[in-house]
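*Asks:* Below are the chains, spelled out letter by letter.
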Amino acid sequence: MFERKIFSRTAAAAVVAGLAVGAPARAEDTVKVGLILPMTGGQASTGKQIENAIKLYMQQKGDTVAGKKIEIILKDDAAIPDKTKTAAQELIVNDKVNFIGGFGVTPAALAAAPLATQAKIPEVVMAAGTSIITERSPYIVRTSFTLAQSSTIIGDWAVKNGIKKVATLTSDYAPGNDALNFFKEHFAAGGGEVVEEVKTPLANPDFAPFLQRMKDAKPDAIFVFVPAGQGGNFMKQYAERGLDKAGIKVIGPGDVTDDDLLNNMGDAVLGTVTAHIYSAAHPSQMNKDFVAAYKKAFGTRPGFMAVSGYDGIHLIYEALKKTNGDTDGPKLIEAMKGQKWESPRGPISIDPETRDIIQNVYIRKVEKVDGELYNVEFATFEAVKDLGKTKK
Amino acid sequence: MTSILTNLFDGVAYGMLLFVLACGLAVTLGLMNFVNLAHGAFAMAGGYVCMVLVNRMGWPFFAALPLAFVSAAAIGIVLERLLYRHLYARSHLDQVLFTIGLTFMSVAAVDYIQGSSRVFINLPAALQGQFDVFGVGIGRYRLMIIVICGLLTIGLQMVLAKTRFGSRLRAAVDDPRAASGLGINVPQVFAFTFAFGCGLAGLGGALSAEILGLDPYFPLKFMIYFLIVVTVGGSSSITGPFLASLLLGIGDVAGKYYVPKMGPFVIYTMMIVILIWRPNGLFGRTAAR
Numbered sequence: 000m001f002e003r004k005i006f007s008r009t010a011a012a013a014v015v016a017g018l019a020v021g022a023p024a025r026a027e028d029t030v031k032v033g034l035i036l037p038m039t040g041g042q043a044s045t046g047k048q049i050e051n052a053i054k055l056y057m058q059q060k061g062d063t064v065a066g067k068k069i070e071i072i073l074k075d076d077a078a079i080p081d082k083t084k085t086a087a088q089e090l091i092v093n094d095k096v097n098f099i100g101g102f103g104v105t106p107a108a109l110a111a112a113p114l115a116t117q118a119k120i121p122e123v124v125m126a127a128g129t130s131i132i133t134e135r136s137p138y139i140v141r142t143s144f145t146l147a148q149s150s151t152i153i154g155d156w157a158v159k160n161g162i163k164k165v166a167t168l169t170s171d172y173a174p175g176n177d178a179l180n181f182f183k184e185h186f187a188a189g190g191g192e193v194v195e196e197v198k199t200p201l202a203n204p205d206f207a208p209f210l211q212r213m214k215d216a217k218p219d220a221i222f223v224f225v226p227a228g229q230g231g232n233f234m235k236q237y238a239e240r241g242l243d244k245a246g247i248k249v250i251g252p253g254d255v256t257d258d259d260l261l262n263n264m265g266d267a268v269l270g271t272v273t274a275h276i277y278s279a280a281h282p283s284q285m286n287k288d289f290v291a292a293y294k295k296a297f298g299t300r301p302g303f304m305a306v307s308g309y310d311g312i313h314l315i316y317e318a319l320k321k322t323n324g325d326t327d328g329p330k331l332i333e334a335m336k337g338q339k340w341e342s343p344r345g346p347i348s349i350d351p352e353t354r355d356i357i358q359n360v361y362i363r364k365v366e367k368v369d370g371e372l373y374n375v376e377f378a379t380f381e382a383v384k385d386l387g388k389t390k391k
Numbered sequence: 000m001t002s003i004l005t006n007l008f009d010g011v012a013y014g015m016l017l018f019v020l021a022c023g024l025a026v027t028l029g030l031m032n033f034v035n036l037a038h039g040a041f042a043m044a045g046g047y048v049c050m051v052l053v054n055r056m057g058w059p060f061f062a063a064l065p066l067a068f069v070s071a072a073a074i075g076i077v078l079e080r081l082l083y084r085h086l087y088a089r090s091h092l093d094q095v096l097f098t099i100g101l102t103f104m105s106v107a108a109v110d111y112i113q114g115s116s117r118v119f120i121n122l123p124a125a126l127q128g129q130f131d132v133f134g135v136g137i138g139r140y141r142l143m144i145i146v147i148c149g150l151l152t153i154g155l156q157m158v159l160a161k162t163r164f165g166s167r168l169r170a171a172v173d174d175p176r177a178a179s180g181l182g183i184n185v186p187q188v189f190a191f192t193f194a195f196g197c198g199l200a201g202l203g204g205a206l207s208a209e210i211l212g213l214d215p216y217f218p219l220k221f222m223i224y225f226l227i228v229v230t231v232g233g234s235s236s237i238t239g240p241f242l243a244s245l246l247l248g249i250g251d252v253a254g255k256y257y258v259p260k261m262g263p264f265v266i267y268t269m270m271i272v273i274l275i276w277r278p279n280g281l282f283g284r285t286a287a288r
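Those protein sequences? They're chains R and F, same order as listed.
Per numbering that gives the first Met the number 0: the first sequence = residues 0 to 391.
Per numbering that gives the first Met the number 0: the second sequence = residues 0 to 288.
Hints should not be assumed to be uniformly reliable.
Heads up, simulated DSSO-like pairs for lysine-lysine below, C-alpha to C-alpha not over 30 Å straight-line [stated by the list, open to error]:
(1) 198(R) with 260(F)
(2) 244(R) with 260(F)
(3) 260(F) with 183(R)
(4) 214(R) with 220(F)
(5) 260(F) with 217(R)
Quick caveat, the hints were computed from the structure, so don't treat them as lab data.
Produce the complete structure using the sequences and hints provided.
*Replies:* Structure follows, in C-alpha cells:
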C-alpha cells in the first residue's frame, strides 16, 4: 500500500515535471495536434467522420501553415472518459502536443478539461454538445454545437407552427436532459403544453412500450432526442406502431435524423422536422463541393460530426496563422476568440466571451431528393448563440 | 382496455424473442452443465449473416432466416469440436473466462469486418406496420415472431420428450458414463445439441435485429438478459425458461408503459423477487445436481 502511494506520487510529480519541461521544448518546426476520438465502440461513427474530415481538410489545404508542419496524432478513447484522460495525458506529456481535439461525448470532453487548463494548451471540442463544457476550462473552444442551440429553436418553431401538445421522449443522460429542458422552457413560454414526458434509459433497445404510451397520449408531435445510433431504431418502431398514420409528427434536434444514418431509415422518416446546424443538403456552393469531395474520398455522405471536425481543424490552422506559428497556448486561445468564417454549414464564428460557437440553426424537413433521403432546410435562425450557459 | 391488450401482445412477442435467443443457453447450461457466456456471439453471427444475405445479396427475408440458423449452428459445431469440448470437465470459472474471452473476440472481429454502426435488415413490405383487431394494434413483424417462436417451442418440447434423440440426450445428461455404456455416443449427442442451441440463437439474432437493434456489442448488451431468463426459469427443462421469458417480456413492456420512470428496473426487480422466493428458479430442481 505504502509503496503504491510513493509510486503514484512520483508519477504525479513526473507528470507535473513533464508539463513544465514540455513547454519550452516545443519551439520546433512541427505543430502537433492530438486527436482523441472514439474509433471503436458505439460512438465510432463520430470518430470516423471527424477523422475523415480532418484528412480531407489537410489534403485540400496542405499540411503546412505559418511555416510549421502540422502533425496529427490520433488516439482512440472508445468514448470512455477514463481512457480519454489517459490519452490526453500521454499526448501532452510524451508527445508534447500543442493542441488536443476531438471528444466524441460530453464526459470525454470534461475529463480532458483539467489537463488542458494545467498544460495551458487549447482543447478544441469537435463533437460533444452539452452547454457546460466550455465553462470547465478557459482553454476549451468548441466547433460543434450545443443542444441548447437546436432545442430552443425547435421549441420556438413548434409553437408558431400549430403544434400545441407535445409528448417528449429523450435519452436519460446529460445531453438528453439538456435537450429536454431547453425545449420545454421555450415551448412552454410560447404557450405549448407538454402532455407526456418519458426518459428512456441510454441502453434501451426496444422503444415499443414508450411509443405506445406516446400514441395513447395523442399529442400533435413527439419531441425526440436519442443518441445518433438509436435514431434508426426509433424511427422504425415509430412507423411500425402507426404513429405516422395517427398524425403524430416527430420533431427534435437533428441528431435523430443524422445524415450518416438517415438514408437507411426508410420512408417512415419522411416529413420529420428537426432543427440543426448542418445538413448535407445545405444549398451553398461551398457545401456542394465539400459533400462531393467527401463522398469521393470516403464513399459516404458527411454528417454534422464531419463538418464539426472540418471546422475544428480550420480553426487550428487560422489560429496558427494569426499567431504566426507561435504555439503558446494562451496566445492561441486569444487568436481563436472571435474568428469568423464560412463553413460548409453556413457562416459561423467563435464567441469571444464563451469560446463557444455561434452559428445558424436551420429548420429542416426530411424529403426525398434523387431517390435519397435528405434533411431539406426551409427556415433559418441566424447567428444563434449558446443559450445554455449557467454563468450569464 | 385496448392498450392493455396491445401491451400484452408486445410483451408476448418480446418474451418469445428472448426465449429463442436464450433457450440455447438453457440447454448448454442446464442440460450440459456448461457456462457459455459467448452465447450472444452466435446470435450476433446469425443476425449478421441474415443482414448480409438480405441487404447485400438480395435474398428474400424468409429464405435468409434458415441460413441464419444453419450458419450459426455450423460455427457452433466447429467451435465445439475445436475448443469447447476441452472445457466440459473444467471448473465453471475456467469456462466463464474462456467464453467471455471468446465474446470479446467476436465483438472485435465483427467491429473490424462490418463496422460498429447499427445495422438493419430490409424487411418485405408485408411485415411492416400494424393492423387493428377490434381496436387492438397488432404489429405484423411481432405477430410473425410469435408464430415462428411458438412453433419452435412446441417442436422443441416434442423432440425432447417424445423422440429417441430426446431420450438419448436426457440419458447422456443424467449419467454420461452409464449412457455411453449403453452405446450412446455421448460426445456426438452433446455436439449436436450444442450446435442446435447455437442455431436457435442465430435465428433469434436475425429476428431481433428489427426490435433490439444489431451491432457488434450485441453479445455483451444482451448477455445479462439471457442469464436472467435462465436463472429465473431454472435450467432443468425448456418449459421453465419459456415461461420465464414470457413473464419477463410482459413485465418489461408493462413496466415501461405504466411506470416509465421505473421501467428499466422492473425486469431486475422481478428477478430478485422470484429468486428470493425460489432460489433455483421457477422450475429449478430443488435437490443439488
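*Asks:* Quickly compare the C-alpha distance for residue 260(F) and residue 217(R) to 30 Å and report which way the hint goes.
*Replies:* holds (20 Å)
*Asks:* Run the distance test for residue 214(R) versus residue 220(F): straight-line Cα separation, threshold 30 Å.
*Replies:* The hint holds at about 28 Å.
*Asks:* Between the alpha carbons of residue 260(F) and residue 183(R), is the straight-line distance 30 Å or under?
*Replies:* Holds, at about 18 Å.
*Asks:* Between residue 244(R) and residue 260(F), does the CA-CA distance stay at or below 30 Å?
*Replies:* holds (27 Å)
*Asks:* Next pair to validate is residue 198(R) with residue 260(F); report whether the Cα-Cα distance is within 30 Å.
*Replies:* holds (7 Å)
Checked against the numbered hints listed earlier, the structure breaks none of them; every hint is satisfied.
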